[in-house]
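Trainee: Each protein sequence line maps, in turn, to chains A and B.
So for the first sequence, the working numbering puts the first residue at 1; every next one is plus one.
So for the second sequence, the working numbering puts the first residue at 1; every next one is plus one.
Hints are computed from structural coordinates only; laboratory data are not their basis.
Computed from a predicted model, the values in this text were never measured in an experiment.
Which bits of chain A does chain B cover? Going by a derived footprint, with three or more residues having C-beta under 8 angstroms, they are:
1. 10-23
2. 94-107
3. 124-132
Built from N, CA and C at the ideal position, the CB exists for glycine as well.
Spelled out, the chains give:
Number of protein chains: 2
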Amino acid sequence: MTIEAGPSIRVRLDLSYDGTDFSGWASQPGRRTVQGVLETALATVLRTGPITLTVAGRTDAGVHATGQVAHFEVAPEVWAEQGEKLVRRLAGVLAPDVRVRAATVVPATFDARFAALWRSYEYLIDDGDGGPQPLSRNYVLGWRRHLDTGAMATAAIGLSGLHDFAAFCKRRDGASTIRTVLDFTVERTGDLIACRIRADAFCHSMVRSLVGALIAVGERRRPVEWPVELLERRVRADEVPVAAPHGLRLVAVGYPADDELAARAAQTRAVRTLPVIERPGGESGDAEA
Amino acid sequence: MTIEAGPSIRVRLDLSYDGTDFSGWASQPGRRTVQGVLETALATVLRTGPITLTVAGRTDAGVHATGQVAHFEVAPEVWAEQGEKLVRRLAGVLAPDVRVRAATVVPATFDARFAALWRSYEYLIDDGDGGPQPLSRNYVLGWRRHLDTGAMATAAIGLSGLHDFAAFCKRRDGASTIRTVLDFTVERTGDLIACRIRADAFCHSMVRSLVGALIAVGERRRPVEWPVELLERRVRADEVPVAAPHGLRLVAVGYPADDELAARAAQTRAVRTLPVIERPGGESGDAEA
Numbered sequence: 001m002t003i004e005a006g007p008s009i010r011v012r013l014d015l016s017y018d019g020t021d022f023s024g025w026a027s028q029p030g031r032r033t034v035q036g037v038l039e040t041a042l043a044t045v046l047r048t049g050p051i052t053l054t055v056a057g058r059t060d061a062g063v064h065a066t067g068q069v070a071h072f073e074v075a076p077e078v079w080a081e082q083g084e085k086l087v088r089r090l091a092g093v094l095a096p097d098v099r100v101r102a103a104t105v106v107p108a109t110f111d112a113r114f115a116a117l118w119r120s121y122e123y124l125i126d127d128g129d130g131g132p133q134p135l136s137r138n139y140v141l142g143w144r145r146h147l148d149t150g151a152m153a154t155a156a157i158g159l160s161g162l163h164d165f166a167a168f169c170k171r172r173d174g175a176s177t178i179r180t181v182l183d184f185t186v187e188r189t190g191d192l193i194a195c196r197i198r199a200d201a202f203c204h205s206m207v208r209s210l211v212g213a214l215i216a217v218g219e220r221r222r223p224v225e226w227p228v229e230l231l232e233r234r235v236r237a238d239e240v241p242v243a244a245p246h247g248l249r250l251v252a253v254g255y256p257a258d259d260e261l262a263a264r265a266a267q268t269r270a271v272r273t274l275p276v277i278e279r280p281g282g283e284s285g286d287a288e289a
Numbered sequence: 001m002t003i004e005a006g007p008s009i010r011v012r013l014d015l016s017y018d019g020t021d022f023s024g025w026a027s028q029p030g031r032r033t034v035q036g037v038l039e040t041a042l043a044t045v046l047r048t049g050p051i052t053l054t055v056a057g058r059t060d061a062g063v064h065a066t067g068q069v070a071h072f073e074v075a076p077e078v079w080a081e082q083g084e085k086l087v088r089r090l091a092g093v094l095a096p097d098v099r100v101r102a103a104t105v106v107p108a109t110f111d112a113r114f115a116a117l118w119r120s121y122e123y124l125i126d127d128g129d130g131g132p133q134p135l136s137r138n139y140v141l142g143w144r145r146h147l148d149t150g151a152m153a154t155a156a157i158g159l160s161g162l163h164d165f166a167a168f169c170k171r172r173d174g175a176s177t178i179r180t181v182l183d184f185t186v187e188r189t190g191d192l193i194a195c196r197i198r199a200d201a202f203c204h205s206m207v208r209s210l211v212g213a214l215i216a217v218g219e220r221r222r223p224v225e226w227p228v229e230l231l232e233r234r235v236r237a238d239e240v241p242v243a244a245p246h247g248l249r250l251v252a253v254g255y256p257a258d259d260e261l262a263a264r265a266a267q268t269r270a271v272r273t274l275p276v277i278e279r280p281g282g283e284s285g286d287a288e289a
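Please take these sequences and the hints and turn them into a complete structure.
Mentor: Put into structure tokens, the structure is as follows:
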């Protein structure tokens, strides 16, 4: 038995990664994952036992992040010795495709997953004849046909609000597919199209399915009303294409003020643990892409 | 002998590339160069004989471009058949690290190199503890020590104007090192530092040497006045470090209005062909980085 020296310290990490060479966030045996790489680097740099990370958005294989948030617990004496140099030391240990920008001590009520108010994703598409620009080619979906972004933007507005997004989600038993989309916009700058979506949480493959539906609308293969009509479905709509992962990035996660963290986490957890009844916000931020 | 069908057509290409896997712009036997790859692709797509490209900025190995300009000549009957589809067809033939955005017929007086009024480059540095962000890591120089961007900006202002930049140039016999720097700014956004420089033309390694000097100032290893004092030198200053190529990109090239193209090209050429006397603007745009 080890003797613990007082309560542990909770640390928030703000981090970014290029998802290209990762099998997503979540640890999997024998695969290179962001969680696996980071937990190993943290244990190395902090010279401590295994570290377990809790994350805001469990991104899929190939999906990027510029504003991911995670937290972990560490013994106070370890933090006192290593905390100040953590960001710099991680930079020396981690491969260049994952970077920790900041490591901050947070209240014990901060929970990267359950205390989050919203997650914000961006999906980039280039529909120019020349294809995606070289310096961003790994982070932009090239589309060979011109897309009607006006139609896409109209469809996106229709998808905003509190809905059951079952048609756009990979079904998991007992998990709610009801989510609140706070904003969903489509903006064109030359050949570059940015689809930006912010929601309380996302179910698995939701953003990529929504973007896949918008692309069908942009190509005029489907009417503008089609994505909204799919909200009537209670199961995954197989005719909705899932857009490729490399165009997607998690850009930001929002949290309440410190004195509201505990209430938010309790609220999210309570909804999540209801055994049968499904409610808005269930399975908050557990999966995406 | 082949029979030519009338005067050839001159075509301007607007293009971008990721310089990482290229041995620079200029063709070299046995090396992958942007010029080599593009000339081969053009000959393939246009189904014609060899194509020769003239370029605005001959970037070095590892230097990127988002706003490069080149021109070539092609027979009118070839252009009539292939011109409209050129950008789309090139996109299918070229590797994703080089893209042609536009192919435009221009007056015979347009010369990508000699008619250019200015070239604009950007050099990006990240001096944060965490290192360059993953999605831009191949295009940003990571610097492990904090840089005083105020001092760098002041030094940059001093370097603006008409000067002999011999101290910052790889010497070539008979080539002028007198250039006019139109703007030179240093701007910080968080940990990201952008050094932006626009000049009538650049001599070889000039931008990277100027940035190398600014970094020495930013680190306080050299006084703010040091880069300006180096302008007194008539030969390359060996103590000036040359910043790594991957932080540098050619972002834009400026040209006069169509009716002033011929005059500008004649002026640049006249200066260049003076056998002994060196004048401002000589060797215009022949080399850089």
